[in-house]
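**Student:** Chains as they are written, first to last, in this note's numbering: chain E, 1 to 246; chain C, 1 to 264; chain H, 1 to 283.
Hint data in this document are derived by calculation from the structure and do not stem from the laboratory.
Bear in mind the structure is a predicted one, so any value in this text is a computation, not a measurement.
Here a beta-carbon is modelled for each residue, glycine too, at the ideal position from N, C-alpha and C.
Fair warning: there could be bad hints in the mix.
Reference excerpt, derived from the structure (chain H facing chain E, CB under 8 Å, subset only) [claimed, not checked]:
#, residue
1, LEU37
2, ILE39
3, ILE43
4, LEU113
5, PHE117
6, VAL124
7, PRO129
8, ILE131
9, VAL137
10, VAL219
11, VAL245
12, GLY248
13, PHE257
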Amino acid sequence: MKTFVRYLPLLLLAVAWETVSRLGIVSSLVLPALSSVAQAWFALIKEPDFWSNTAASLYRAGSGLLLAIVVGAALGIAMAWWRPLNVLLSSVVEMFYPMPKTALIPVTALWLGFGDGSKILLIFLGCMLPVTLGAYNGARSSDRTLIWSSRSMGASRLRVLWDVVIPSAMPELLNGVRTALALSFILLVTSEQIVSRQGLGYLIGYLGANGSYDAMFAVVMTVAFLGFAADRLYQVLMQRALAWRE
Amino acid sequence: MTEQPQIVVDRVSHMYRPLNGRPVVALDDISLDIRPREFIALLGPSGCGKSTLLYLIGGFLPIEKGRITVADKPVASPGPDRGIVFQHFALFPWKTVRNNVLYGLERMRLPRKEREQRAQSFIDLVGLSGFEDSYPSQLSGGMKQRAAIARTLALDPAILLMDEPFGALDSQTRSLMQTELLNIWQRSPKTVIFVTHDVQEAVYLADRVAVMSARPGRIKTIVDTKFDKNDPEILKAKPFVEKVDELWRLVRIEALKVQERKGG
Amino acid sequence: MARVSDQPSMRPDASLPLERPVGGMLIAARSVFARSLGIILLIVAWEAVARSGSVTPFLLPTFTATMTRIWSDTLSGELLGNLGVTIYRSIAGFAIATVLGIALGTLMSRNRLVRWFFDPIISVGFPMPKIAFLPIVILWLGFYDVPKISMVAVEAIFPIVTATLIGIQGVERELLWSARNMGANEREVVWHVVMPAAFPQIMTGLQVALPIALIVAIVTEMLMGGYGVGGAMINASRLADSRGVFAGIVEIAVIGFVMVKCMALLRRRMLLWHQEAQDPTTV
Chain E
1 MKTFVRYLPL LLLAVAWETV SRLGIVSSLV LPALSSVAQA WFALIKEPDF
51 WSNTAASLYR AGSGLLLAIV VGAALGIAMA WWRPLNVLLS SVVEMFYPMP
101 KTALIPVTAL WLGFGDGSKI LLIFLGCMLP VTLGAYNGAR SSDRTLIWSS
151 RSMGASRLRV LWDVVIPSAM PELLNGVRTA LALSFILLVT SEQIVSRQGL
201 GYLIGYLGAN GSYDAMFAVV MTVAFLGFAA DRLYQVLMQR ALAWRE
Chain C
1 MTEQPQIVVD RVSHMYRPLN GRPVVALDDI SLDIRPREFI ALLGPSGCGK
51 STLLYLIGGF LPIEKGRITV ADKPVASPGP DRGIVFQHFA LFPWKTVRNN
101 VLYGLERMRL PRKEREQRAQ SFIDLVGLSG FEDSYPSQLS GGMKQRAAIA
151 RTLALDPAIL LMDEPFGALD SQTRSLMQTE LLNIWQRSPK TVIFVTHDVQ
201 EAVYLADRVA VMSARPGRIK TIVDTKFDKN DPEILKAKPF VEKVDELWRL
251 VRIEALKVQE RKGG
Chain H
1 MARVSDQPSM RPDASLPLER PVGGMLIAAR SVFARSLGII LLIVAWEAVA
51 RSGSVTPFLL PTFTATMTRI WSDTLSGELL GNLGVTIYRS IAGFAIATVL
101 GIALGTLMSR NRLVRWFFDP IISVGFPMPK IAFLPIVILW LGFYDVPKIS
151 MVAVEAIFPI VTATLIGIQG VERELLWSAR NMGANEREVV WHVVMPAAFP
201 QIMTGLQVAL PIALIVAIVT EMLMGGYGVG GAMINASRLA DSRGVFAGIV
251 EIAVIGFVMV KCMALLRRRM LLWHQEAQDP TTV
């Protein structure tokens, strides 16, 4: 019941949407009724085209993200552990952090064309930074007394890295991954609309150009919803992994 | 025959080098002999370097000037022969109590069954039976410190280094823990180096108290404080109270120096 | 609710405590050098790889060629024109988001109904790739600047509202009670106590929102083409003008960097009185 009340405003908005459109207050071209968008969505999911595009998008985002997490985390922790690496890379990271990663879209397209490769590279490069930063800050925040306790119990320096530094880095690392997750959606959708012939982003553009606005709305809502759902799901997983915290 | 001192601190000095600021002398020419199975307290105002000395003996900080030997071997790095207990417990927050205690035991290469039995016996010893599967975030301050002590004791170190271990606890818990520590120590005597700024705690727990000066840290004096710890009325006994008073006067002078330096 | 992330700070002097810190006056000079070292090496590496012949000048134009291109664009006025447009759009959207965001956040903190209404919208909307709605926004608002600025505002408003809410809610009860005790009326309490106390958190929100504003401005330009740095980059990409593309990357990196630094400076100035003037906090 509580959840219902909490999300009631969204229901109200949906009703308002349907009403406004039905009553013709806004032209149904510009705002197709929620019901016709829903209809279009149901029609869409019956088509294999929709699924092949979705699969392409998920494949690209998934691979890029996975690479970004693995490489980014390793890099972040390495930077916290070895001072020379830190000195070398920290200014680079600071420089590129405020840069909009979408600036990489034209470059990756230049290098790898319109296919999967350029998207995976884009998401890999773009999403790596938040993960690296999270891993770095997390590793750096390792409690000195934990490291010393571990050492006094006979752990070698390398073991300390594994036993203390990496677990200590987890909360911030996982937060960085959450940012990377949201970023991957943005990069995916944008690049697919500009430099792709496949994928959900491409589908949005195609449907729009065709004038099938209710189908376009349907895909847009699908993408938005996927982004939201991915974040929520990730939060649940993150809570599980960090259950030991207060 | 006099017993050989187990720990020898020989003319040790240490500089503290903050990242932005000038280096400061933390310890100045400290020499100290600590006998085996002795309970010695390092007492002094904040910033006097008592923790620094502890960390040097523990091998956590590099020894730049002077020497420290433990059982005739120079201290080079941390090790399980010198167990450490910190003020803020230093428990691994992502491990349960049992896994925390097991952590040190894993280094000892005992068969698994034995490790688990050993861990359990120490958890019981410190009074945490039933909380083996709790995470540190679920425990009170006193319980966390017990877990930390169990973890360190499980390694059976010859030397116990304690850095204001009861400083983060409320005063009632603190007195309970002091008595418990003495019980544990009397049952399996180890050399204990106990850092504190609480005069009464030092006199109660320790056989000897080394009073340190304000920065740069030097040992002002070493005083014998052997009292009958099992006497429940000892805290009110005249000789005890006089001793506390004597040491308090010494510490107060140093504490005032620290105040003056801060400009207030 | 989503969280507001913190500024990166990766000073080379601060590594794990196992290292011994080195002191002295060398630190200052050393750290400036160390800070730029990575960038300098990156540029050198870039130039070296580009010249080595292992990649074609198309795939990786040299650093010097890219800089030359930027220079000629500056001379022709094109760079400033595009830059100006992009900055205008991001700042305009950011300003709208700031005003509306702080207002909404404040309203939400004081009025249960408003809070109830907007809470799920923010909570659901925050993690959504709102950029996906751009085609719809174009449908509604046409081409040119309006959809771009609107999109910027829509995206930037989220962290600002969130930060404002958290900032206001985080104001210590004792502060409010003291103020009321001293006879302040409601309006005075809001302006003289709540706002200043919530300011660090709000500032953090603004610091997060500004790069977002820039990103969204550039993205909308890429999607829609036309003027602006993003548009110029996409055009260059379409014309296989790799120097143009790389010039764009450098320009965008620099703008982003400058904006972030400006905000950090602003923050430091405005929070001199606050203990955590150094770095923003994480939520």
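**Student:** Hint by hint, note whether the structure agrees.
**Tutor:** Hints, verified against the model:
With its C-beta approaching chain E no nearer than about 6 Å, LEU37 of chain H sits inside the 8 Å limit, and its interface hint holds. The beta carbon of ILE39 of chain H comes within 5 Å of a beta carbon in chain E, closer than 8 Å, and the hint placing it at the interface holds. Hint status for ILE43 of chain H: violated, given a least beta-carbon distance of 10 Å to chain E, over 8 Å. Interface restraint check: LEU113 of chain H against chain E, minimum CB-CB distance 10 Å, threshold 8 Å, status violated.
For the restraint placing PHE117 of chain H at the interface with chain E, the shortest Cβ-Cβ distance is roughly 5 Å, inside the 8 Å limit, so the hint holds. A least Cβ separation of about 6 Å between VAL124 of chain H and chain E falls short of the 8 Å threshold, and the interface hint therefore holds. With a least beta-carbon distance of about 4 Å to chain E, the hint placing PRO129 of chain H at the interface is held under the 8 Å criterion. With its C-beta approaching chain E no nearer than about 6 Å, ILE131 of chain H sits inside the 8 Å limit, and its interface hint holds.
Hint status for VAL137 of chain H relative to chain E: violated, with the closest Cβ pair at about 10 Å, above 8 Å. With 8 Å as the threshold, the beta carbon of VAL219 of chain H comes within range of chain E, its nearest partner Cβ sitting at about 5 Å, so the hint holds. The beta carbon of VAL245 of chain H comes within 5 Å of a beta carbon in chain E, closer than 8 Å, and the hint placing it at the interface holds. The beta carbon of GLY248 of chain H is positioned within 8 Å of a beta carbon in chain E (closest approach about 7 Å), and the interface hint is therefore held.
The criterion of a C-beta within 8 Å of any C-beta in chain E is met by PHE257 of chain H, whose closest approach is roughly 5 Å, and the hint holds.
When each numbered hint is compared with the structure, violations occur for hints 3, 4 and 9.
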